[in-house]
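Number of protein chains: 2
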Amino acid sequence: MTLQQTVPEPGALTIGTDGAIGGGTGGYDKRLGELRGVYIDDGAFEAAVAQQGEDGLAYRVEEHRNVEGPGALIVGTSTLLPGRVGEEFALTRGHLHAKSDRAELYYCLSGRGVMLLETVSGQSRAIPMSPGEAVHVPGHWVHRSVNVGEEPFVSLFCYPADAGQDYALIAEAGGMAQLVVTDGDGGWTTRPNPRHVGYRSATS
Amino acid sequence: MTLQQTVPEPGALTIGTDGAIGGGTGGYDKRLGELRGVYIDDGAFEAAVAQQGEDGLAYRVEEHRNVEGPGALIVGTSTLLPGRVGEEFALTRGHLHAKSDRAELYYCLSGRGVMLLETVSGQSRAIPMSPGEAVHVPGHWVHRSVNVGEEPFVSLFCYPADAGQDYALIAEAGGMAQLVVTDGDGGWTTRPNPRHVGYRSATS
Numbered sequence: 001m002t003l004q005q006t007v008p009e010p011g012a013l014t015i016g017t018d019g020a021i022g023g024g025t026g027g028y029d030k031r032l033g034e035l036r037g038v039y040i041d042d043g044a045f046e047a048a049v050a051q052q053g054e055d056g057l058a059y060r061v062e063e064h065r066n067v068e069g070p071g072a073l074i075v076g077t078s079t080l081l082p083g084r085v086g087e088e089f090a091l092t093r094g095h096l097h098a099k100s101d102r103a104e105l106y107y108c109l110s111g112r113g114v115m116l117l118e119t120v121s122g123q124s125r126a127i128p129m130s131p132g133e134a135v136h137v138p139g140h141w142v143h144r145s146v147n148v149g150e151e152p153f154v155s156l157f158c159y160p161a162d163a164g165q166d167y168a169l170i171a172e173a174g175g176m177a178q179l180v181v182t183d184g185d186g187g188w189t190t191r192p193n194p195r196h197v198g199y200r201s202a203t204s
Numbered sequence: 001m002t003l004q005q006t007v008p009e010p011g012a013l014t015i016g017t018d019g020a021i022g023g024g025t026g027g028y029d030k031r032l033g034e035l036r037g038v039y040i041d042d043g044a045f046e047a048a049v050a051q052q053g054e055d056g057l058a059y060r061v062e063e064h065r066n067v068e069g070p071g072a073l074i075v076g077t078s079t080l081l082p083g084r085v086g087e088e089f090a091l092t093r094g095h096l097h098a099k100s101d102r103a104e105l106y107y108c109l110s111g112r113g114v115m116l117l118e119t120v121s122g123q124s125r126a127i128p129m130s131p132g133e134a135v136h137v138p139g140h141w142v143h144r145s146v147n148v149g150e151e152p153f154v155s156l157f158c159y160p161a162d163a164g165q166d167y168a169l170i171a172e173a174g175g176m177a178q179l180v181v182t183d184g185d186g187g188w189t190t191r192p193n194p195r196h197v198g199y200r201s202a203t204s
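Residue numbers (the working numbering), protein chains in the order written: chain F, 1 to 204; chain V, 1 to 204.
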């Protein structure tokens, strides 16, 4: 008598440069109305909502999961639509992993973006990403994608399945310490977020 | 007085479809002579060595590592040159992760390959990979890349930094259970490896 070990089926995926995943297991859409309070310019945000609606698509995540556990991964795509809210470029909410030592890979499939990274102790980095460029985000870095181009900014991501996301950390800090804004000349730059009050410690 | 937490710098990487990584931290070359005993046709293997030399390049791994630990990842590329040894297509040694529950992502950047996957209990899968296709390898699957095309088969990989590789498992089993061989008509197929004696259990 043998015990047959049950293992998940390998995921055979097609991953489009438009972010569409064939063979994925799920995902979610983030609507503009869910990003209220995330952008610094409340008036510009409400004007965008008036134009695009609360349900206007802001970004989409598609993914493939097998199992949970310390050895498992989550693989997926993030597709962030272009645009600006006031001077700020379109962004994802951003997060620190709930298990803060969990790392993440982002590999740009299309578009032109910036990975904004910050530590709770005050370090900040803004790394430009174009197709073929990647950011290996170590643990302990809060991170957010920003679309500084004219097309959707699409990245392939891969991170430990037990990482989780602490989104509240950024909200409680009044937003990330840096903003990614227009430089007034067709490009982007960063500048301090006047609402940022510093990060609390990570929860784990 | 504040304690400044030391965190690794984010990796800003350029990842070519030829497998070249800008900003990486290391890697290795696997030479033909190191693959003695891996292919089924010993005569064809020695003929290949006579032609290409013990030091002929078989495949190259380039990677970026930050830190060790359960939350860290290793990101890299695998570039497997094309060719055949007898009826078998060019392959990597293959491995089960030493921590056998560790998963891995492979995303094809160029070329045309097959991911051959097997469990120690006898399941087998052969998943074709072309640019834009990916395989999410769950834990507990022995896996190997095979180049069934005419060009280098290049994939981006991402896996937990504490995974390790158990290469001996395959050698002790007389090779993987399946071979990826020419179908005699310009394509590939699989057939049982007559030397395969079954896998022992994973070490962890």
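These are computed hints drawn from the structure, not numbers from a lab. It cannot be assumed that every hint is accurate.
Facing chain F, a subset of chain V residues (Cβ under 8 Å, in silico) [to be verified]:
{"#": "1", "residue": "V7"}
{"#": "2", "residue": "P10"}
{"#": "3", "residue": "G11"}
{"#": "4", "residue": "V38"}
{"#": "5", "residue": "L57"}
{"#": "6", "residue": "V61"}
{"#": "7", "residue": "N66"}
{"#": "8", "residue": "G69"}
{"#": "9", "residue": "A72"}
{"#": "10", "residue": "D101"}
{"#": "11", "residue": "A134"}
{"#": "12", "residue": "C158"}
Footprint (simulated), chain V over chain F, 3 or more residues, beta carbon under 8 Å [unchecked claim]:
{"#": "13", "segment": "11 to 22"}
{"#": "14", "segment": "59 to 71"}
{"#": "15", "segment": "110 to 120"}
{"#": "16", "segment": "124 to 137"}
All C-beta atoms, glycine included, are put in the ideal place defined by N, C-alpha and C.
Q. What are the numbers of the hints the structure violates, in ascending order?
A. 4, 5, 6
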